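**Student:** Residues per chain, in single letters:
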Amino acid sequence: MKGLVLLERVVLESISKNNNNVSLIARDVEIDSSIVLSVLARLTAKGLVTYIAGNYQIAQNQIAWHAANRIESVRDEIKELNDNIVDTCFSEENSNIYKLQKILLSEKEEKILNSLLNNVESYITNLRNDRKKDRKFHDVTSKQKVVFWGHTNYGQVLNKSIEKVS
Amino acid sequence: MKSEQKRLIERFKELYGNPTYKEMAEITDIQMTRAFRLCNGFEMKLTEYLKISKKIDEKIAETSTIKDTFNTCLNELSANALKEIEKFCVRKLEVKQILKSSIIKEVVA
Numbered sequence: 001m002k003g004l005v006l007l008e009r010v011v012l013e014s015i016s017k018n019n020n021n022v023s024l025i026a027r028d029v030e031i032d033s034s035i036v037l038s039v040l041a042r043l044t045a046k047g048l049v050t051y052i053a054g055n056y057q058i059a060q061n062q063i064a065w066h067a068a069n070r071i072e073s074v075r076d077e078i079k080e081l082n083d084n085i086v087d088t089c090f091s092e093e094n095s096n097i098y099k100l101q102k103i104l105l106s107e108k109e110e111k112i113l114n115s116l117l118n119n120v121e122s123y124i125t126n127l128r129n130d131r132k133k134d135r136k137f138h139d140v141t142s143k144q145k146v147v148f149w150g151h152t153n154y155g156q157v158l159n160k161s162i163e164k165v166s
Numbered sequence: 001m002k003s004e005q006k007r008l009i010e011r012f013k014e015l016y017g018n019p020t021y022k023e024m025a026e027i028t029d030i031q032m033t034r035a036f037r038l039c040n041g042f043e044m045k046l047t048e049y050l051k052i053s054k055k056i057d058e059k060i061a062e063t064s065t066i067k068d069t070f071n072t073c074l075n076e077l078s079a080n081a082l083k084e085i086e087k088f089c090v091r092k093l094e095v096k097q098i099l100k101s102s103i104i105k106e107v108v109a
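Same order as they appear, the protein sequences are chains A and B.
Using the working numbering, read the first sequence as starting at 1 and increasing by one per residue.
Using the working numbering, read the second sequence as starting at 1 and increasing by one per residue.
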């Protein structure tokens, strides 16, 4: 498979934050270092990571990145992420939030909803930009929140469900 | 240890939750000392292979109807739907492969 699984993506995210050895990455993503090592071996084989002078770095390999970031690969990655988000949010012992509502919206109401969602996006983008400027801010990958939003037409979802099996 | 024998024992242990040699003997009806030897590389007899295989099949059958479901999927679903299931399974296997490799690396280290 040329795409990435979640474990590979999170290790890449960690390396991009200058965590460049196994123990730093393991601490950042809160995954056992033996698993991180195994993931790093795969990423190196895929040409996405280089190991130079004891440091792991993101490789500038356009062909490998193109394969990993194809729309189909990213879609499969998001499916894996969503699948695990739903299972996490529906497990008993947590305080995670997963909200889903179905409602008929007028054109005006949909505009208002989109505006509110744009506000959410702006808020997150601003936070991200502020933190890029703040050199003291220590970003720990495993402590990040996974936030998602959006909406679609119920009929389209149903048609997709039928289309997939017919 | 021959790879096929090793694979069989690993699968057995996985399905039965890493049983002790005593438990393994009780489940398979193979003597405990013999079970110990088999797990440590002694060559398996055909009868022992068949006993362990049978227990593996029984466990899979009692815990899951997955084989039947897969066969029904193969007969009933469209190529697109099968592709989606395949992708889902491949991703699960990829993660499993990462975890298996990490155990091997730990042992080597």
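These aren't lab readings, by the way, just hints derived from the structure by calculation.
If you're wondering where the values come from, they're calculated on a predicted model, not measured in any experiment.
C-beta atoms are modelled at their ideal positions from N, C-alpha and C, and glycine is treated no differently.
Some hints could be false.
[Unchecked claim] Label pairs and their computed distance ranges (CB to CB):
| id | chain 1 | residue 1 | chain 2 | residue 2 | range |
| --- | --- | --- | --- | --- | --- |
| 1 | A | Y51 | B | K51 | 38 to 48 Å |
| 2 | B | A79 | A | V74 | 14 to 24 Å |
| 3 | A | W149 | B | T20 | 27 to 37 Å |
| 4 | A | W149 | B | K83 | 45 to 55 Å |
| 5 | B | T69 | A | I112 | 42 to 52 Å |
| 6 | B | T69 | A | L6 | 22 to 32 Å |
| 7 | A | H66 | B | N71 | 16 to 26 Å |
| 8 | A | K79 | B | K67 | 42 to 52 Å |
| 9 | B | A61 | A | K145 | 48 to 58 Å |
| 10 | A | I112 | B | R7 | 52 to 62 Å |
| 11 | A | I63 | B | I85 | 27 to 37 Å |
**Student:** Name the hints, by number, that the structure is in violation of.
**Tutor:** 3, 4, 7, 8 and 9
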